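Enquirer: Protein chains in written order, with my numbering: chain A, 626 to 742; chain B, 10 to 122.
Bear in mind the hints are in silico, worked out from the structure with no lab data behind them. From a predicted model like this one, the values you see are computed outputs, not experimental measurements. Ideal Cβ positions, reconstructed from N, Cα and C, are used throughout, including at glycine. Don't take every hint at face value.
[Unchecked claim] Output of the computed footprint for chain B on chain A, the stretches with three or more beta carbons under 8 Å from beta carbons of chain B:
#	region
1	641 to 654
2	663 to 677
3	712 to 725
[What the hints assert, rightly or not] Within a straight-line C-alpha distance of at most 27 Å, the following computed BS3-like cross-link-like pairs (lysine-lysine) qualify:
#	chain 1	residue 1	chain 2	residue 2
4	A	K696	B	K58
5	A	K721	B	K78
6	A	K694	A	K643
7	B	K114	B	K70
8	A	K721	A	K690
9	A	K643	A	K690
10	A	K682	B	K67
11	A	K642	A	K694
12	A	K721	B	K58
13	B	K114	B	K67
14	B	K78	B	K67
15	B	K70	B	K87
16	B	K80	B	K67
17	B	K70	A	K721
18	A	K721	B	K67
19	A	K694	A	K721
20	B	K70	A	K642
21	A	K721	A	K642
22	B	K87	B	K67
23	A	K682	A	K643
24	B	K78	B	K58
25	B	K114	A	K682
26	A	K682	A	K642
27	A	K690	B	K114
28	B	K58	B	K114
29	B	K114	B	K78
30	B	K80	B	K70
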Amino acid sequence: EAQVTQNPRYLITVTGKKLTVTCSQNMNHEYMSWYRQDPGLGLRQIYYSMNVEVTDKGDVPEGYKVSRKEKRNFPLILESPSPNQTSLYFCASSLKPPGQLTSYEQYFGPGTRLTVT
Amino acid sequence: AQSVSQHNHHVILSEAASLELGCNYSYGGTVNLFWYVQYPGQHLQLLLKYFSGDPLVKGIKGFEAEFIKSKFSFNLRKPSVQWSDTAEYFCAVILYGNNRLAFGKGNQVVVIP
């Protein structure tokens, strides 16, 4: 089954304790992206990746890191989490970037609800 | 700055009523447009998309959207909603050739049986 998986689905942690949220897709997609969803703010893009070893900042990259060592995986790293990073995080992937002449649908993972105390 | 606007963040309506959700964007140039739906507790799913051709786009579950270039709008419509349409709806826009998809703040729609 074609899907985007994220782990963990729920995480409660304390300020300053490094954490990683994993994202994996089995569709051989080139483009992957991380979003955070906050009430009243919608989804905001954190980072995206055009392909292996190619990553770039989205709209809200501060406090986050990513890597793309393999095509299928795109982990989100919080080196020193803070309470303002409490949010719902979604990973998404598409065959190609969505801003192309032939528009490619993004497939979203189930989300990771992170609470930083 | 480029932005995506969705108004009437909370919409409550009865079954069989018609639904229209507005989406306006401030990008200049060619855009690709999307509507996503998020059912309670679930991830986002694509309802429909527009990137060229007929500006009236039909999607899944009886939804449609019309791209009006002169108004920078991509409004979502459904003639007769069902209780199962209770969800949050997001408009998303990307400038052609760009790699960053921008979302609106969403419309929370509640359909009362």
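Enquirer: Against this structure, judge whether each hint is valid.
Expert: So, going through the hints one by one against the coordinates:
1. Residues of the region 641 to 654 of chain A with a Cβ under 8 Å from some Cβ of chain B number 0, which does not satisfy the need for three, so the listed coverage is violated.
2. Counting residues of the region 663 to 677 of chain A whose C-beta lies closer than 8 Å to any C-beta of chain B gives 8; at least three are required, and the coverage claim holds.
3. Requiring three or more residues with a Cβ within less than 8 Å of a Cβ of chain B, the coverage given for the region 712 to 725 of chain A holds, as 6 such residues are present.
4. With a C-alpha separation of about 26 Å, the suggested pairing of A/K696 with B/K58 holds against the 27 Å cut-off.
5. At most 27 Å may separate the alpha-carbon atoms for a hinted pair to count; A/K721 and B/K78 meet this at roughly 25 Å.
6. Taken as a hint, the A/K694 and A/K643 pair is honoured in the structure, with Cα atoms around 20 Å apart against an allowance of 27 Å.
7. Proposed proximity of B/K114 and B/K70 is supported: the alpha carbons are some 22 Å apart, at most 27 Å.
8. Straight-line distance between C-alpha atoms of A/K721 and A/K690 comes to about 22 Å, which keeps the hinted pair within the 27 Å bound.
9. Simply put, A/K643 and A/K690 have alpha-carbon atoms about 11 Å apart, close enough for the 27 Å limit, and the pair holds.
10. Distance restraint check for A/K682 and B/K67: the Cα-Cα separation of roughly 33 Å exceeds the 27 Å cut-off, and the hinted pair is therefore not satisfied.
11. Restraint check: the Cα-Cα separation between A/K642 and A/K694 comes to about 23 Å, which is no more than 27 Å; the hinted pair holds.
12. Note on A/K721 and B/K58: the hinted pairing holds, with a Cα-Cα distance of about 15 Å set against a maximum of 27 Å.
13. As the CA atoms of B/K114 and B/K67 are separated by approximately 22 Å, the hinted pair is consistent with the 27 Å bound.
14. A distance of roughly 17 Å separates the Cα atoms of B/K78 and B/K67; the hinted pair therefore holds under the 27 Å criterion.
15. At roughly 9 Å between alpha-carbon atoms, B/K70 and B/K87 fall within 27 Å of each other, so this suggested pair holds.
16. Under the criterion of a C-alpha separation no larger than 27 Å, the hint pairing B/K80 with B/K67 is consistent with the structure, at around 20 Å.
17. Proximity of B/K70 to A/K721 is assessed by CA-CA distance (about 26 Å); at most 27 Å being required, the pair is judged to hold.
18. Pair hint A/K721 plus B/K67 holds up; C-alpha atoms about 23 Å apart against a cutoff of 27 Å.
19. In summary, the hint linking A/K694 to A/K721 is supported, as the alpha carbons are separated by about 18 Å, within the 27 Å threshold.
20. Proposed proximity of B/K70 and A/K642 is contradicted: the alpha carbons are some 43 Å apart, above 27 Å.
21. A C-alpha spacing of about 34 Å is found between A/K721 and A/K642, which places the hinted pair above 27 Å, so the restraint is violated.
22. A C-alpha spacing of about 10 Å is found between B/K87 and B/K67, which places the hinted pair at or below 27 Å, so the restraint holds.
23. Among the hinted pairs, A/K682 with A/K643 is consistent with the structure: their alpha-carbon atoms are about 20 Å apart, no more than 27 Å.
24. Distance restraint check for B/K78 and B/K58: the Cα-Cα separation of roughly 15 Å lies within the 27 Å cut-off, and the hinted pair is therefore satisfied.
25. Only pairs whose Cα atoms come within 27 Å are accepted, and B/K114 paired with A/K682 is accepted, the gap being roughly 20 Å.
26. Pair hint A/K682 plus A/K642 holds up; C-alpha atoms about 23 Å apart against a cutoff of 27 Å.
27. Note on A/K690 and B/K114: the hinted pairing holds, with a Cα-Cα distance of about 24 Å set against a maximum of 27 Å.
28. With a C-alpha separation of about 18 Å, the suggested pairing of B/K58 with B/K114 holds against the 27 Å cut-off.
29. Between B/K114 and B/K78, the direct Cα distance comes to roughly 21 Å. Compliance with the 27 Å bound is thereby established for this hinted pair.
30. The hinted pair formed by B/K80 and B/K70 meets the criterion: a straight-line CA distance of about 26 Å does not exceed 27 Å.
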